[in-house]
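Protein sequences, first through last, are from chains X and U. 1 is the number of the first residue of the first sequence in my numbering; add one for each residue after it. 1001 is the number of the first residue of the second sequence in my numbering; add one for each residue after it.
I should point out that these hints are in silico values taken from the structure, not numbers from a laboratory. Each statement offered as a hint is correct.
Just some of the chain U residues that point at chain X, by a computed CB distance under 7 Å:
1) Pro1038
2) Ala1064
3) Gly1068
4) Ala1070
5) Leu1076
6) Thr1103
7) Glu1106
8) Pro1180
9) Lys1185
10) Val1189
11) Leu1192
12) Asn1195
13) Tyr1209
14) Glu1283
To be clear about the criterion: a stretch of chain U counts as covered by chain X if any three or more of its residues have a C-beta under 8 Å from a C-beta of chain X, and this derived list gives those stretches:
15) 1041–1050
16) 1150–1157
Pairs of lysine to aspartate or glutamate, EDC-like flavour, derived with a Cα cap of 16 Å:
17) U:Lys1104 <-> X:Asp184
18) X:Lys487 <-> X:Asp285
19) U:Lys1211 <-> X:Asp349
20) X:Lys250 <-> X:Asp285
21) U:Lys1175 <-> U:Asp1145
22) U:Lys1262 <-> U:Asp1295
Even glycine gets a Cβ: it sits at the ideal position worked out from N, Cα and C.
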Amino acid sequence: MLDFSQILYVFEPLNLLLMTVGVFGGLIVGAMPGLTSTMAVALLVPITFGMTVEMGLVLLMAVYIGAISGGLVSAALLNIPGTPSSVATTFDAFPMAKRGEAGKALAYGVFASFLGSLLSFFALALLAPILGAFALRFGPFEYFALVVFTLSCIISISGKSQVKGLLSACVGLLMAMVGLSNTDGVTRFTFGFSALQSGFAEMPVLIGMYAISQVLMDIADIKKPFKIISASFTVREFCQTAARFRHSVKNVIRSSLIGIGIGILPGVGPGLSNIVAYSTAKSSDKDPDSFGQGNPDGIIASETANNAATGGAMIPLLTLGIPGDVTTMMMLGAFMIHGVQPGPLLMRDHGNLVLIILSAYFISNILMLLLQVYFIRVLIKSLLIPRFILYPVILGLCVIGCYALNSSMTDVWIFLGTGLLGYVFTRLGFPLLPLVLGLLLGRMAETQLRVSIVMGNGSLAGYLDRPIALAFLAAAALSVGFSLYSKRKARLRREGLAAALASENAQG
Amino acid sequence: MRSLVLMICVCLLLGAAVPAPAAEYPVKPIQVVVPWKPGGGSDISARIIGDHLKDILPQPFVIANIDGAAGLNGALQVFKARPDGYTLLWEHPGNLAVAPMVTKAEFTWKNFDPVCIAAKGDTALIVRKDSPYKTATEALRAIMDAPGKVRWVLAPNAVSHFTFLSISDAVGGLKPMIIPGSGDKDRIVALLGNNGDISTVGYAAAEPYVKSGDLRILAMVNSERSPFAPDIPTLKEQGVGASYDFLYSVFAPKGTPAEVKKLLADSLKKAIDDPATQKALREQAIEPYFRGLEDMAKLWEAEDTLYHRLAKVNGLIQ
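Using the sequences and the hints, build the whole thing.
Next comes the structure, spelled out in structure tokens:
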């Protein structure tokens, strides 16, 4: 029987202090461009070896929540997503911040993160075993279909030119093929550089593409400070923003479900959830064109989903001992070093530990919300720092972050190289997102497709008796069809409007 | 002012150029490269032994997880490191003897200096709970009777691949459907989700699933019965002449001074002989297993010969 008095453990002063420090530290690390939750947890795991297992897990949980939530900051204020999980946040949060409403953009993101975490907490606490079992139904067929579905979402959120978007995605897919192949262990496209054996890591490419290109693009007006309407963001304003959420209940619930659903799939994690949630929110909105211009619902969709995915990623970890993403993989290491083997028996043998983790998850989220409400004001002030000081600091942090990922200079060179590529892309009007997603998904798509073909005895026939996979593929086809149709309709409407205007002018 | 800065620079340069006397080794923390993500058997064995070394050596072991390219990324860093004893590599033969061979890397395990073997891990041949096979021989016979039907999950060109090849070699050739799956967890998930039928994984990783009844162990792949699963027979006992032992070994860059290697091996031996270390290792299903550098070179050589033969026979190398 579970001993619920264990929950009180989390409320011991020392643990509350640990969590506050953890969430705060996580927020700071997550907020700095280039430094990520993965890095924060990686740095902490060895430290927790010296603690009791309960204390270590409480601290790791707090840092994880803090860092994931902090990732919003650089995405919103600088247009630099610190992790793949906040890529979609930049679409609307940055335009909003650019308008001078940085505080509001952050407030939307913070509250959405909180709600996403809260909902996924309930999924974690109430449905974990059922959802964990569901995650096992995902084999190579389902994963490949899911990746195809996510790639289809790019079309609906990519910029004006479909062709440029596709080209960019192809470059990303090509980059994904560099290095040792997962399916047959053959080395590909390394051109004799042994440093490229492991291929292009996602993080340096992501950070390089966005950070360096953003910095280079801004060089022209580097002396101008950011536009800020209200530098003193009050608690009242935060509450007003939070009240605005009553119009977005559907969006919050839908995005959380997407986040939890994708989060529980081992290896997919929060990286995809925000893109899928964003594109779903966009296509189900009455006015899809307002997305990308600073629509609060865009921020809400992305941030709800990526935080919901953190709770989702904990589900396979706690029920099956399978980590959902890189960060939970390191937490697995923290369990194991204390002699706790996460697996199907964790709930039975270490039920108290699970309770402590759940409570820590819950409390950390509340601490995150409280800290962020006050944090926002400081963050807006940081935008007052002249950009010629801010940008070198950002680039420095990015270099440190890339090096720390794997203690290797290769990642730093990849960061710099892809940064220049990103700048060229931006100048030529190629969108960056398809490239990043191509790289992120390409490797998984290839591996899973090849495995599924092997399992189908050398053909694609295996897909026919996989209902989940078929459903995803159908959804992908529908999504592509729908977005092409609506884009065409919008173009026709514009052309019709122009023609009407022209004839009016001719008459007048 | 400028001349002062210049002078400081020159002093610093001179200071750096004067080598520290070797007798003082170690004067700074020793970096131990584990070429895998934190939390695996290599990482945990390195951390536990490193932790218990802190009373024996004046400087700590600092574990650096340099992941990627089937362990080659981390090995490359140690390959390029200065041979001063401050950078070490923590690897097992199923990897460092195999990966450079099949990927044609610029180095092999012979480009490193052996220091010692520190610990040993067990490997289990596993199936799902509802599998029709009760023993290893039953499973292997079924694979032989229906080629291409039974799905064997393995990581191509890595340990689990060569474990499969040596099992296949011992029974005269197996032709299962090969499902790629890298890492113990991936292979376990493939079995649990019915996307594979049989696989080999580290015993420590399989243990929780065996206890919960989701997986069954048909045989241990070790050369001798595992102290952690004394009831389960080895493959050899079931008449299949194949075995694999995870030998967690310590390497130094080529050309590391002999006295440094000796000091390291002696200190590691002291740490591994300590009952507290042994208890901590066994809790993770890792067996303390110290072997000096001569024994290590012999064991690795034997593994290397086997892998070369298997790779040649199966057309993985020319």
